[in-house]
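Trainee: Required output: the full structure, derived from the provided sequences and hints.
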Amino acid sequence: MDLELIITSFPKLLSATLVTLKLLSASLFFGLFLGLFFAILRLNKNKLIRGFAYGYSYVFRGTPLLVQIFIIYFGLGQIEYLRTTFLWVILKEPYWCAIIAFSLNTGAYTSEILRSAFETIKPGVIEAGRSLGLNKVFIFTKIQIPIAIKQSLPAYGNEIILMLKGTSLASTVTLLDITGVAKFIISTTFRPIEVFIIAGSIYLFITFLVHNLIKYLEKKYRYQ
Amino acid sequence: MDLISFGDNGWGDELFVATLMTIAVAITAMLIGFLFALIFTPLKLSKYKFLNLISNFYTTVVRGVPELLVIYLFFFGGSGSIMYVAQIFGYYDYIEINSFLTGAISIGIISGAYSTEVFRGAIQSIDKGQFEACHVLGIKKYIYFFKVIMPQMLRLAIPNLSNVWQITLKDTSLISVTGLVEIMRQSYIAAGSTRDPLFFYSFAALLYLMLTYLSMKFINRVEKKYSRGY
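Order-wise, the sequence lines are chains A and B. Just so it is clear: in the first sequence, position 220 is 220 by our numbering, and no numbers are missing. One rule links them: number in our numbering = place in the second sequence (from 1) + 1000.
What the hints contain is simulated information worked out from the structure, not anything from laboratory work. Ideal placement from N, C-alpha and C gives every residue a C-beta, glycine not left out. There's no promise every hint is true.
[Stated by the list, open to error] One side only, chain B facing chain A, incomplete, derived with CB under 10 Å:
1. 1070
2. 1073
3. 1075
4. 1121
5. 1197
6. 1216
Mentor: Right, here's the structure in full:
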């Protein structure tokens, strides 16, 4: 055990935590909208639209996140046309590529979580709203969404933790998040155990915070 | 389509072998995971607080830390720690453990943590009366575990185990960082030498989709077999 290494690498890893948290919050933010959008598509009556949304979630849940990042970071740059559009400003940055990949990935999982939450809402609740003369949008935003959020909190908490672990893949496209910095320190000092302990504890600490936040929210939004 | 033709000009045969490698690593990792689950599930269900603590520590840490970090730990730390043990026994040469084993063990440990949770959940949801009935009938502990508890547990565990399998299969892509030539690594090599990353990574995605699709089909069949009578 090399205590000095632990002490010197702790601040480095802590500053890398900021990168991880930025990646996590950005992709969760975009992913939530994507997820909601595709969950709504899944409830559509049109078979084609439903199939499209199902295909999206199937592809992104059936392939490793690493492949998705590589396609976006290495693959899309290959298309000549893209290089001439404004999209290239975003796509040449590994940071944004990682966020796009993570958002699409977590969007797929979130859409599944929200879909099943929407499906478990009892039809009576919606019928009650309709018989009171509320319009469709009002029923959706004020009745269905709040119930769905409450239903999906535990599963969404798991998804946040999975995504936190997913952000470690940003290190494969040259970003220096916690795992990226940890790998750098390991490969220069050859002391994997010490670095693993610190980096692992930082991740576990974030997991712990997320876990408790979700628990708190679950309690807050429970039926009275 | 020339790119994926078999033979010297295409990458078809290389990718085929790489796919087999992915399957091999995933299955090995899953079996190693079962081995870990076999050890840690009883600890989790034990009445002794200390044993519970050990098992909870294992599942919490492994499930809360990124897979990539675990792989780096074993990749960089694996041969070092084995050499350290070997030195105690007076062996001073350099020992290199191969990347297949490193990968399979690190993914196996991760998969084991998930399997442990699945088995614990399955055993806990078996009706208490089943245990009591065995007790009353005076059935030997091993027989009652294998003939009574195990079949019921498997039925409950298979749907969740299929999730663990999917996670394990997808995690094997991360082993490519250690240099093991599985689908991801082979696509990386092919993409580098042909300068066509878009095609090869998309093809890799297709291969993974195929693997997950086929394994789902297979698991559904097994699930049907084990839920006969329900």
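Trainee: Could you check the structure against the hints above and give me the numbers of any it violates, in ascending order?
Mentor: 4
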